[in-house]
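Start from chain A and add chain B according to the hints.
These protein sequence lines are chains A and B, in that order.
Going by numbering that gives the first Met the number 0, the first residue of the first sequence is number 0, and it counts up by one from there.
Going by numbering that gives the first Met the number 0, the first residue of the second sequence is number 0, and it counts up by one from there.
Treat the hints with care, since some could be wrong.
No farther apart than 27 Å at their CA atoms in a straight line, the calculated lysine-lysine pairs in the DSS-like style are these [to be verified]: (1) K200(A) with K189(A); (2) K174(B) with K113(A); (3) K174(B) with K239(A); (4) K189(A) with K207(A); (5) K187(A) with K207(A); (6) K239(A) with K34(B); (7) K132(B) with K207(A).
One side only, chain A facing chain B, incomplete, derived with CB under 7 Å [stated by the list, open to error]: (8) T59; (9) A139; (10) I178.
Which stretches of chain A does chain B cover? Using the computed rule of at least three CB atoms under 8 Å from a CB of chain B, they are [as the list claims (entries may be wrong)]: (11) 91-97; (12) 105-116; (13) 124-138; (14) 218-229.
Hint data in this document are derived by calculation from the structure and do not stem from the laboratory.
From the three backbone atoms N, C-alpha and C, an ideal C-beta is built for every residue, glycine too.
Residue-level listing of the chains:
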Amino acid sequence: MFEWLTTDPLNGIIITITFFISVIIGRYLRKKRAAHGSKGKLVDPRIKILFLFILIISITLMEHWYFPIGITVICTLFALKSKILQNFSRKMIFPVILAFFIVVIQGLTYGTNKIYYGIPLYAEGLDSGLLIFARVTAAASLAILLLSNTPENEITETMRWYRVPGTMLDISSLMSRYIKAFSAEAKKMKWAQESRGGFSKRSGFSDKMHDVASITGALITRALVRAELVYRAMLSRGWKHDRSFTSHQPLNHNDLLMGFVFTSGIMILLGIDRML
Amino acid sequence: MTLHISDGILEPGWIFFWYAISILFIALGLRIINKRIKADPVYLPRIALIGAVVFVISVWHIPVPVTGSSSHPVGTPLASIIIGPFAAVVISAIALFFQAFIAHGGLTTIGANTLSMGIAGAFGGYFVYRLLKNISPLWISAGMAGLVGSMLTYMTTALQLALSLNPGNVIYYWKLYSLGFIPTQLPLAFAEFAFTAYVVKYISETSSMKNIQSGCPLDRFTITALMLMVSIASIIAIGAYIGYPGGTNMAGTDSTVEAMAAPAASPGGIGVRLMSIFGEPLGFALAGITGGLFTGYFWSELRRKN
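Here chain A stands alone, though its shape is the one from the complex:
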């Protein structure tokens, strides 16, 4: 009756350890999510960026297409569960087009063994192209999923922790603030132009380009004028070019543990891919 217990214990030990570690991680994730009440705060942005970078580098090192495809499927399921599938799919269009272009070029030109699928293709090129396609979709879906729920200004502040030069961060934070302002302003200007006969469906390329360019030119002119006002506002808030920020929130132990678990997971996945 208990003969199964007396044979090789390896599989049993592995399943037990992985199950219980997963239970602990799952409970931790649930608690963290409940504490913050938002999916975006699940992982510290500093860990998130580092994890994303390492994971994408690891994906580009993978030699089997099924691991990246597996990651894509998991990300798509997450997007479906988070009810952001439409936004997720829209953002995937560009990377998928570029990846498809590479599959076509590689399949038609690279290799020596010809195979026929209606048109002559090279087996090596097709393999390499499909592997790249799988890597691109995996990397893009991960980036979309992880970055889409993190505000840009939060990421900009995170970069300070990574010792990115202060001037660059000043420009970034000002840019991120004014991107939204100028987007709204450009939309209003476009509506105003449309109400005065601009962007007409009957107008040709030159007229349309003239309409776009006049809005852009006006925006740039306004930006130049507004820079002076922004500078005065910055001075009134005590801004100095050569000041340094020292108030970084330290990484807490849970975030560090999360980072360690993520990185170990990636390394194990890469190791399995290389061993197969």
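Chain B alone, transformed into the frame defined by chain A:
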């Protein structure tokens, strides 16, 4: 669409290599920006605001001729004209970082994309603008900056793809990727020409910007030469592109030139030997420069004789 390489395409070695080159340019750019901020503190919000506008317009749809669709302009040639090429590199790196959030490009490819869009696009465009500024109207020099900047961006992207994906046969795949991009990127380059030209003309007419100065008007000869240059180059590129699927191995005009212009060329001749040393493109460039200089120099005499 602007050509941003997505995550997962480049090999890790190339990811770090392009990052290293871009960081060098960004560091230089930051040094210049810091110096200018010390002299004129308003410079910081000025470039940030210009950067924000460039970001907004670079994700804005502009109509593209021939294809009948719309696409995004590169924007860096325009930025380099307004705030200078080094500041444009910094701005484009930041813009690419933000664009990674909307899946335009990627996090690991910021270095590669900064090189193609920020460095090649901005510096190429700026160089052309400076070159033509004093000999042509402002809108032509700005437009040509947009056109060349856009084309350099996609040619650099094609080179980056060839280096990473096909290291064994880089030149062949560089040509191949460049040709593959032509259907979308060539019309976009012409749209970029019109866009940059119109914007710079608008700003010069409505604002007293220090960086934008009016150039001399073009004479008829220069306009004709420029138009012929753009038309013939486009015909050759399109011809080679059409010929490739027909199995001509992208020979383009090469074989025609060899058969018609130099049927009796000696294999040991100076031209052939120079080409074998410096490579065909440099040989053709040398021939073009010599022939062009000679024709331009003696143009009046040649016309008078005719």
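K174(B) paired with K239(A) [C-alpha distance capped at 27 Å]: Not satisfied, since the Cα-Cα distance of roughly 50 Å exceeds 27 Å.
Taking a Cβ-to-Cβ distance below 8 Å as contact, does the region 218-229 of chain A have at least three residues touching chain B? holds (count 9)
Under 7 Å, Cβ to Cβ, is where T59(A) needs to be relative to chain B, so tell me if that hint holds or is violated. holds, 6 Å
Would the pair K187(A) and K207(A) pass a check requiring their Cα atoms to be no farther apart than 27 Å? Judged against 27 Å, a Cα distance of about 17 Å means the pair holds.
Under 8 Å between beta-carbons, do enough residues of the region 124-138 of chain A, three at least, approach chain B for the coverage claim to hold? Holds, because 7 residues of the region 124-138 of chain A bring their Cβ atoms closer than 8 Å to Cβ atoms of chain B.
K174(B) and K113(A) were given as a pair; does the straight-line alpha-carbon distance stay at or below 27 Å? Holds, because 22 Å separates the two Cα atoms, which is no more than 27 Å.
Taking the least C-beta to C-beta distance, is I178(A) closer than 7 Å to chain B? holds, 5 Å
At a Cβ distance under 8 Å, does chain B reach at least three residues of the region 105-116 of chain A? The restraint on the region 105-116 of chain A holds, since 3 of its residues have a Cβ under 8 Å from chain B and three suffice.
Are K132(B) and K207(A) close enough, with their CA atoms no more than 27 Å apart? With a Cα-Cα distance of about 26 Å, the restraint between K132(B) and K207(A) holds, given a limit of 27 Å.
Do the alpha carbons of K189(A) and K207(A) lie within 27 Å of each other, as the hint requires? holds, 11 Å
Hint consistency between K200(A) and K189(A) [alpha-carbon to alpha-carbon, up to 27 Å]: Measuring from Cα to Cα gives roughly 14 Å; hence the hint holds.
Between the alpha carbons of K239(A) and K34(B), is the straight-line distance 27 Å or under? holds, 14 Å
Of the hints listed earlier, the one the structure fails to meet is number 3.
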